[in-house]
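A.B. asks: Listed here are the chains, written in short residue letters.
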Amino acid sequence: MRLTPGPPREIDLDGVDLFDLDLYTEGDPHPVWDAMRERAPLHHQVLPDGREFWSVTRFEDVCRVLGDHREFTSERGTVPTHLGTDDVAAGVLLTSTDPPRHTEVRRPLGAKLTARAVKSWEDSIRRTIVRFLAPALDGEPFDLAEQALLLPALVTGPLLGIPEKDWAELVQLTAMVTAPSDPHFRTGSEAATLAIAHHELVTYVREWVLSRRKSGFEDDSLLHHLMNVRPGGAPLTDEEIALDGYSILLGANVTTPHTVSGTVHALMERPEQFDKAQADPTLIPNLVEEGLRWTSAACNFMRYAVDDVEIAGGTIPARGAVVAWIGSANRDASRFPDPHTFDITRANAKRQVAFGFGPHFCIGAPLARLTLRVFFEELLQHFGSIEPAGEPQHLRSYFIAGMTHLPITAQKRRTP
Amino acid sequence: MAMEQQAAPSSAPVALVQETAALWSQCLGVEVKAEDDFFALGGNSLTGIKIIERIFEDHGVQLSVRDFYLAGTPARIAGLIEQGRAGT
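As given, the protein sequences belong to chains A and B, one line each in that order. Residue numbers for the first sequence, in my numbering: 50 to 465. Residue numbers for the second sequence, in my numbering: 655 to 742.
Fair warning: there could be bad hints in the mix.
Capping the alpha-carbon separation at 20 Å, the derived lysine to aspartate or glutamate pairs in EDC-like fashion look like this [what the hints assert, rightly or not]:
#	chain 1	residue 1	chain 2	residue 2
1	B	LYS704	A	GLU249
2	B	LYS704	B	ASP691
3	B	LYS704	A	GLU289
Since the hints were made in silico from the structure, they are not lab data.
Bound conformation, chain B alone (with noise of 0.2 Å):
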């Protein structure tokens, strides 16, 4: 089983970091920055699948289950989006 944390790019761009940050506010009914984490703000696997299905819904990216959890921040997250859309 890896343990080490993912490497997630954090070169996406700043739009889609915001853009992000703004649906993970939406599901977590709390404020959230780019570099806030997961689990800090309240995330538990139930908003996690909300997040993913929007993120499907809005980029087509389907993001991995761990990927996910294990990048934790909105910048991250947004690095998995953009790596997804290049379809690398």
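So here's chain A without its partners, still in its complex pose (with noise of 0.2 Å):
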């Protein structure tokens, strides 16, 4: 989807569909959300098929949704693609878990991944982007959204415990998850896309589990982590490791190579706005809570109202779906003036909820953080300028807002 969004026009809210793939793939969903944020701020959509649900875009309403699992459960689902189809791994996956078990599990999890803990990662994490970053700078069109998917995997494979040989075929598969209709990653119906690509990686993680549990070996990676913790004192199921370890790959792979694009794509765009992060690279931390805020690359997640509640004006009844769109949080003009503006000097981009917000914080935020600040360093530091060498290309997903071709040229930095 386009991130600047482009001229105003007429948005007929009955009308809308925020579940059309091209609406994404081609178009501008920006105005559409402003205008939902105006003028129903509850929004109520059925689609062809019958089912219905609804959404809301305000900040604070996404934040009350996503916050407070008594009113809004994660129980049933917590992905729109899988709208209206109870989560068969309810209460298992810890993704689809509400407090109090979700704390249980996640504290021993998080544990891992502090900011204190992935900070003895730094060092490998800026030799992978070096050499990540190298084929770019002889001056030849490098496409940096399709080369930015292999990102995480580089970054995150050893900590994950995952050997390299393997990566590719995982990128392929957590890829087909988020966007089952795109045409890079469709294979068959979008159904058996989905299918596919869950069968494949739940059984990855099970065989690793059991060929661990076989050979013995251990290690202080987080796969094997799984295999150890006792949260409220019994280990974890094997279907509980197997689908957890799923939901670790796909949150790992699926968002930051998203971010890296979008936030280089604005860049770009505002020449001014580089070399600005070039002559004072302590505003990079900044500048990545801004590409965090700018992208939002998870776009929304969904949660199923428990109770009838009041929200934004209006009543979800009980059982109903209703998706709090992130993407729409991050450009609220009461929470951030002139929302459509990239400023890496934004004072309080920080407050950005691009991942996401209670109980369900993004468990990998420290070191997707810790990733991205490393890569605008190397970037800035070694890149003089960037230019576009072709048009981006949009991921066709309204779950993940991103790319999957973004073409670039760049040129040394002569006086780093």
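Dock chain to chain to rebuild the complex, using the hints, since each chain is given by itself in its own frame.
C.D. replies: Okay, here's the thing in structure tokens:
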């Protein structure tokens, strides 16, 4: 989807289809969300097949839906792709589990992923990123979006405990989960694409665990850690390990690449922002926060209302599905003045909710922040300028806002 | 990535097709006919994992994950089993 909105246009909110994939591939959703925040902060849509959902788009409403599990449960699924079908992994998969069980399992996993814990990975992440960027410096066109899909695998592979030879396949599978209709990833029908990817990923983790048990090999990796945690006094079941391992793979792979591409694209369109960051590298952490706000790669998450609930001037009926549009919350003018201006010096950029909000706040956020900071430190250190070398191509997904192609050409920086 | 629907042979014996439909019915908890679509019946990857395991136990045939979901009906799956048994 376009991250810089096009010219203003008339929006008919009764006729708008938020699940129209063309809106995200070719279109411009921001003016739609602007109109929703303004005129219909609780929006209701019925799909042609009869399924229906409510949407919240304002910052405070998005935080409330994501933050309050008593009013809005995760236990029937959290991804709009599965709207109307209760999650078969409810209460087992961490992202589809409410507190208190959620808290119990999350705590020991999160301990491995705090900012302090991931800090020890900084040097190896930096070496990986320097290697990743090197081919872009020869002056030839470099497809940043396509290459970036592999970046999280390069960075997190050793941390998760997954050998390099498996990553290309895993990246393909996680991409199939997030954009099953995108021609780059689709295999047969959308349902078949999703099922193949889920099946292969869950099986991969199951077999990883089986072979670890057999060999007795132990290491410091996150997947191995899953085998050893004892939330509430008992180890995770094999099904929990497989599903949470799947979830960690997915979280690691499918958002960071799009934050990289979207932020580089924003800098390319605004050379003055690029120059500002290059002149003052202390701005880089804030550039990362603004890039997260701007791209909002995880565009939305879904919850189900437990009982009738009053929100945003209306009522969501008990058992109704509600989509919390993170991409819209991060452009809410009541929080972020001139929200459609990309400004690396924005005072409160860090208040963005690109990692979500509440109990399910992204468990990998410290690692993502570290990776993005190192990425932009190295980029600004070595690149004198970046120019577009073709049109970007956007991911065919209403769930992940991203790019499949972003051709660039870069010039080496002369006096770093 | 292959986009085309897998052309699974539909020449499997009727008994095998019925047996496959019965297995699906057991795993999905609904009535299943030879030409029913896996996803329309409410199938998902967790039921798919079970069915592929059962087919391996019952017939010694390890179906590929992709072939299974792209085939989509008991009749076509029976064709894949038949093909697997023949070792082709």
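A.B. asks: Are the hints correct? Go through all of them and say.
C.D. replies: For each hint, the structure was consulted:
For the hint linking LYS704 of chain B to GLU249 of chain A, the alpha-carbon distance of about 13 Å falls within 20 Å, and the restraint holds. Taken as a hint, the LYS704 of chain B and ASP691 of chain B pair is honoured in the structure, with Cα atoms around 17 Å apart against an allowance of 20 Å. A C-alpha spacing of about 16 Å is found between LYS704 of chain B and GLU289 of chain A, which places the hinted pair at or below 20 Å, so the restraint holds.
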